[in-house]
Amino acid sequence: MASLSEEVLLVLKKVRQRKQDGTLYLMAERIAWGPEGKDRFTVSHLYSDIRCQKISPDGKAKIQLQLVLHTGESSTFHFSNDSSALTDREAAKDLLQQLLPKFKKKANKELEEKNRMLQEDPVLFQLYKDLVVSQVISAEEFWANRMSTTNTENTLSDKKQDVGISAAFLADIRPQTDGCNGLRYNLTPDIIESIFRTYPAVQQKYGENVPHNLTEKEFWTRFFQSHYFHRDRISTGALDIFSECAKQDEKGLKSMVVQGVKNPLVNLLSLEDKTIEEGYGFSAAASTSNPNRTGKENSNSAIIKRFNHHSAMILAAGSRRGDAPNDQASETSSTDGNSRDSDLFQPPIKKVKLQEAIDYLDLQREDGPKTVALNLKKSDRYAHGPVPLESQKYTTSQDIINSITCIRHEMANYVPNLAQVLTSSAVSSAIAALSPGGVLMQTGTQQAINQMVPSEVQGELKHLYIAAGELLRHFWTCFPVNSPFLEEKVVKMRSNLERFQMTKLRPFQEKVQRQYLSANITGHLEEMLQTAYNKLHAWQTRRMMRKI
Amino acid sequence: MDEEPERAKRWEGGYERTWEVLKEDEFGSLKATVEEILFQSKRKRALESHGQVRLGMMRHLYVVIDSSRTMEDMDLRPNRLKATLKLMEAFVEEYFDQNPISQVGLITTKNKRAEKLTELAGNPKKHLAALKKARDAACVGEPSLYNSLNLAMQTLKHMPGHTSREIVVIFSSLTTCDPANIYELIKTLKSLKIRVSVIGLSAEVRVCTVLTRETGGTYHVCLDESHFKELLMFHVKPPPANAQSECSLIRMGFPQHTIASMCDQDSKPSFSMSHLDSTSEVGLSLGGYFCPQCHAKHTELPVECKICGLTLVSAPHLARSFHHLFPLEAFRETPLEELPADRFCHACQGKLKDKIVFTCPFCSGVFCTECDLFIHDSLHCCPSCINSQHSN
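Respectively, the protein sequence lines represent chains A and B. Residue numbers for the first sequence follow our numbering, so the first one is 539 and each next one is one higher. Residue numbers for the second sequence follow our numbering, so the first one is -17 and each next one is one higher.
With the rest of the complex left out, here is chain B (with noise of 0.2 Å):
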């Protein structure tokens, strides 16, 4: 075509043109997007998950980010690196709606060094603020895999026994640089049961192979940017719990949210625990959640009483977590032409037009691809059964 010479390189440019790859048919679907999602679901129940099995729900999770000088190829637009921060925003944030009680800290390793960007910590507005300046940082140097899964360990090795502990680690670069043997190190971190799963950039390193499966962990290799959204989320989930997890109870407080108003008698007014450090105007206010044992008031849940230790957090966090415990059971696909004509999808209502339809196994109610990944990955419940139950 003429238009080629004239037009850079692909791979040159900044960002792609997306909608260049897109095609319509003769009756104006984008097929390719109904192809994608078919894919994706694929994909998603290739690596699907287990029946009931104990999890490890509350999790503290260090993200190690490779930030050398592979990061700065142009594969994932604009480069890697920003195309990795970006990815791990949403991650943060997905993480800590799906596992209230849990903590993540960030971890970038560069020339030769590795570098604590943030610590483990329950808010996310930390971590995301540290990601957004993050994407200044040059990229400069090899990565060192020891160096930054030690300085992880330090802190994951005095975790209670009950929480999981785990690393995912971010690898580019074909190669490490370690001041010492790291199957000693990959020894320790299989004592003290850490559990390490790697999402390679490049292609597959022996290191990160024997890695993975000596701790437990699971290794990827990213084929594009969706793929890669992809494994990153899967880390979402709670991994199953292996055996030798100690069973402990675990206290927690549930603080009733009280508000006041300031003609009541015994109202007062008090400084939030949480605020005491920022230097913004926020003052004294009303209401708040009073930590039952040591009766210091936090604004928002879940959080750690800074007074006495004590988790708060309120019924509906942990039952967010249940979902997990209860897994939605994977819809059957039928093709079209096995059911009578003219069927629509029970959840959106509309017409049945893809080639195949996913029933519920319970209900047999009918659903078509899109709601059927919206009810898998958002709302984890059928539909037609609650209804059904409540008219029962």
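Next up, chain A with everything else stripped away, as it sits in the complex (with noise of 0.2 Å):
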């Protein structure tokens, strides 16, 4: 039977399908029903294919599970064990209703994210038309070039940021009074991820709590209640919830007391208030603490206890992360209060320690910044282009200085005469040719175009660019090809661009020629499909040559 190489986690007897007997076995991946002593199953399905599952209402005499496939079927199952029924199907739906997020997601997730990049983006839809409902590239094509180049952006934008925990969070609550002797307190989900995470009892006791005995409302409104919360830390016996919390937390800090702290410079023991009187300094005998402390003392030390036991646990969060990836790094990487950048950055040397604390960075002298200097020769090239070299033509001096003179003397005895400078034919075509609308003022003629070319026209063409441009990037990516993977991915780009120009470019190239239209507007285009087709045959032919 199948089930002997499936984990079965769990299986229920006396469950009727469609008027029949039989019993119903949940597994790892499927849940299965089969009739009574047969050995096979009748009915399984994967939890990836369910939808959803229902239960039937609490006051009926029947009582039923139904599975909804994602198809559109469904199946129900009527538990007829008279004793345990409801606490059957109770037990068949939590485990269902733990197993099947965990497989929902794979199966849907890319239709899901594929329909909505469609959605969201008309052009991309548009593109998705062009290629692939006319079978220029296969869909599977598509999504793989498109799901590389946007999928990464979207997981990391998408992905849930890993955030720390604010200093300040428990007093950012702020409660306010609410007229009427009580407070409320607001809580986000920040802030309440925050006290779990602080607080991993508190986060154990809503688990077991919520939402069997407690609902979250009274739930949070025992925390804030419990001396837990507040600062003078008396026990107040068994009957809050948290008081548990609060001596988990005592072991806590005697554990860490106990790891004690690698700094050498730093000894913990001997560390307590021995004052005289306030400005006296200290007194060489030791006090020792006093048993009997009177009650101020003790929520005092309370507190100070609380201090301690959360700054050491945000310390041991910095290092736990990093875990000692070498043994420099573990004998230095007390982040506690007294370290310093020593012990990250630099040898391990109790020496260096030292030296840093007498030494003050910002009483040395500055060293500029590292630079490498550059090495240029020729540096008259960078003034201007390089200059082809030809023959000169030499003239001397002598030469030079007559011509000078010569032109001088012209300049000085220039007469206008104005009257024979041009026929007055010449003159009138030329101002026709430089007034707007001439032979020689063509540039401007932008709005021309566009009117010529009617709108609709445009904006196929505009398509047509859009779904050439995607297939071409996929072309130029291909090159330098490094891979053999590389060399079939070219060919088939090349296939599907000719393809590309049959089943578009070709149509709408007719169409528009039978509209009269003189303007050659595909041919941008076309120049742009040879130029690849040009590249890829050099590229060929250069592999020929190689092999020969």
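Hints may contain errors.
With a straight-line cut-off of 25 Å between C-alpha atoms, the simulated SDA-like cross-links for lysine to any residue are [said to hold, decoys possible]:
#, chain 1, residue 1, chain 2, residue 2
1, B, 333, B, 343
2, B, 172, A, 855
3, A, 1030, A, 1076
4, A, 1000, B, 108
5, A, 652, B, 101
6, B, 107, B, 76
7, B, 108, A, 1075
8, A, 792, A, 755
9, B, 175, B, 361
10, B, 288, A, 735
11, B, 288, A, 659
12, B, 98, B, 69
13, A, 1000, B, 292
14, A, 1073, B, 233
15, A, 743, A, 724
16, B, 64, B, 112
17, B, 288, A, 889
18, B, 98, A, 703
19, A, 891, B, 52
20, A, 552, A, 601
21, B, 108, A, 938
22, A, 640, A, 703
23, A, 1000, B, 76
24, B, 108, A, 1011
25, A, 891, B, 170
26, A, 889, B, 195
27, B, 288, A, 703
28, A, 652, B, 97
29, A, 889, B, 196
30, B, 114, B, 80
31, B, 98, A, 655
32, B, 107, A, 662
Computed, partial: chain B to chain A, Cβ under 8 Å [claimed, not checked]:
#, residue
33, 142
34, 159
35, 279
By construction, these hints were calculated from the structure, which means they are not laboratory data. Every residue gets a Cβ at the ideal spot worked out from N, C-alpha and C, and that includes glycine.
Can you join these two chains into the complex? Each is in its own frame, and there are hints to help.
Pasting the structure below:
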């Protein structure tokens, strides 16, 4: 039987399906039901196929569980065990509730992601229609190309960022009085998460009590009322569900104290308050701690204990992640209050630590930044571009002086003769050429083209450009061709481009020609495609030459 | 004075009345402005550059802007966030002016999280639009240095080795709320050769000192708005490259701008690749820049060809970066008394009135303070040196 190879999580007897008695098996990846007495399963559904589960309302006589699949079908199971029908069904329901979400995500997420992307971006949708629906490239290729570029961006931004715990998160809750002697606490999910991370005991209590015994609101009300939360943690007895948490914290603190601190410059045991009076310094005689402390001192020491515990946990969290990669780091990785940068960035010698305690970086002379000198030969080449070597015609300086004197002489004796400069016909044709619309003034015809080509044609052309751009982009990313995978891809892209040209470009071109548009609007696209073909051809011939 | 109690306290007002600070002396000249200029130029010399060193000119820079609760402080007018965003707009324009082949990205951090405002891009328009939109954002929560550096690092670590990877953090809070040990992140940044600089708005913070020291960046805390602007503009200049950066040949295309007319037989109207995504009515055009490799058309440079990925620039863009390689030497300061009487400034031909004048060491031309600032900031060449070469 198939169940032998799979892990069976739950077996429920006396479950009827379609008026037949049988047994319900919940396994690691599917749920199955087999009729009584038979060995095989008649009904088996993978968890990933199940869309949701439904249960019959509590008042009804029949206790049922219905599974609705993605395809729309549904299977109903009737729990007919007289004594334990309800608990059976609850057990099945709970297990399914835990298992279904795990499997659901794998199957659907990609499809939903794709649909969402298509809906959000009309350009992408158009591209999809142009390329995939008209069978230029297959759907898998389209998504393979798209997913690699966009998925990385999406996952980076959608991934929930790890968030630290603000030091003031409890203070930020800021209770407000609501007028009649009560307090209102505003809890956001961030604050709740911070409380759970700081006090894991509270999270445990939450998991145990909500929603079975208390509602969320009650739980938090109790939390804020309990002395655990408030400063003076005097234990009030076992009534408070949080008194256990206090005891757990004590245990944790004691274990940390036992571990000790590895800093050679700090001796925690010799720290004590030894004052005589205010301002008079320390007395040599150690005053032993009085066992009969007053109540105020007790609460003070409780607060101090809580501070120490909190700080110790923070420091432990800091070193927990980077778990001592090498011995050097572990020896000095104590990120306690007295650690300097020497712990993490320099060799761990006690001498260095002492050195750092003496030196102040600010008082030392500042070195300039280390720079790499620039080694430029012929730096005047940057001033003007490369000059081609041509044979120069040498003229003597006397020639130059003669020509200058000649020109100067002519300039001095120049008499303008405006009537003989140009013929009037030449002038009028020049003016005509230079006025707007003339032969030489054609560069400003931007609008003319846009008016000559109707806007639907322009719109279609735009879509063609987008589709061609996408294909060409994938084509050009294959170069330089380094691996056999890229070689295949290049050839495949070429065939894709040819197919695009056949199925989309040619019909469009013919349609445009039928409309008697004189402008050659597909010429540029064809040029781009031809450039791509030429590149592939050149690469292929080069490869051929290398093989020969 | 009687007016004092009626006027609102200065830090409560939204805008500062700067005209109250200036004073005129007996001759009617505004001493304050001149002092200001001198002081600025002195401070600039203090952060002055080096001779001919190798610079990282293709830069990928992320600017992290703190948007936490402390940015609502009004010690910069109208509040810190708005002042920062305004200066950032000026920074982005100046940056692309001086570094045409570089890219910039923007990240904001608030509420213990970091968010990417814009991706790394070489086109200033997107960044300016995003900065304008960010003015309305609320400042809430605590910033997270770790998350913002992490976010920037995810993209920067994929950049090629010959480019310079930089992050500039504008940090105003005194705390940061991080999910993990930030010293580990600093080690990672150092190994990836990412240079992080910080501009503080409140006070010096130890974590930032360590961060900038280890990664090789600079850390300054601004005194007032003009100092803030100076510190920000300091990052416009390309930083010296460190010894380990690789040298490689970079492939670039230099397209010619073609202008065709309708009468040409083979004029082909075409769409520009950059306009395909926009819904504006820009349509077919005849001229443009055609990529030499794949023949796609673009309307402006510098740009990365959308089809084949080739960097397209024009020669003047590269030439514009040359003045970083050959910086103009600082002029000598001489007191006015040492010159023969009645000299005129060579550049503006105005009578020299300042106490200190500047002399070019090569051509001994004399310049007044304002011309000196202009020559060093914008012109990058001495006007009399250039003219004297030509006449020879």
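Now the hints, each set against the structure:
no., hint, result
1, B:333 - B:343, "holds (21 Å)"
2, B:172 - A:855, "holds (23 Å)"
3, A:1030 - A:1076, "holds (16 Å)"
4, A:1000 - B:108, "holds (23 Å)"
5, A:652 - B:101, "holds (23 Å)"
6, B:107 - B:76, "holds (13 Å)"
7, B:108 - A:1075, "violated (39 Å)"
8, A:792 - A:755, "violated (33 Å)"
9, B:175 - B:361, "violated (33 Å)"
10, B:288 - A:735, "violated (47 Å)"
11, B:288 - A:659, "holds (18 Å)"
12, B:98 - B:69, "holds (19 Å)"
13, A:1000 - B:292, "holds (22 Å)"
14, A:1073 - B:233, "holds (17 Å)"
15, A:743 - A:724, "holds (20 Å)"
16, B:64 - B:112, "holds (13 Å)"
17, B:288 - A:889, "violated (58 Å)"
18, B:98 - A:703, "holds (21 Å)"
19, A:891 - B:52, "violated (35 Å)"
20, A:552 - A:601, "holds (12 Å)"
21, B:108 - A:938, "violated (57 Å)"
22, A:640 - A:703, "violated (28 Å)"
23, A:1000 - B:76, "violated (34 Å)"
24, B:108 - A:1011, "holds (23 Å)"
25, A:891 - B:170, "holds (24 Å)"
26, A:889 - B:195, "holds (22 Å)"
27, B:288 - A:703, "violated (43 Å)"
28, A:652 - B:97, "holds (24 Å)"
29, A:889 - B:196, "holds (21 Å)"
30, B:114 - B:80, "holds (22 Å)"
31, B:98 - A:655, "holds (20 Å)"
32, B:107 - A:662, "holds (23 Å)"
33, 142, "violated (15 Å)"
34, 159, "holds (4 Å)"
35, 279, "holds (7 Å)"
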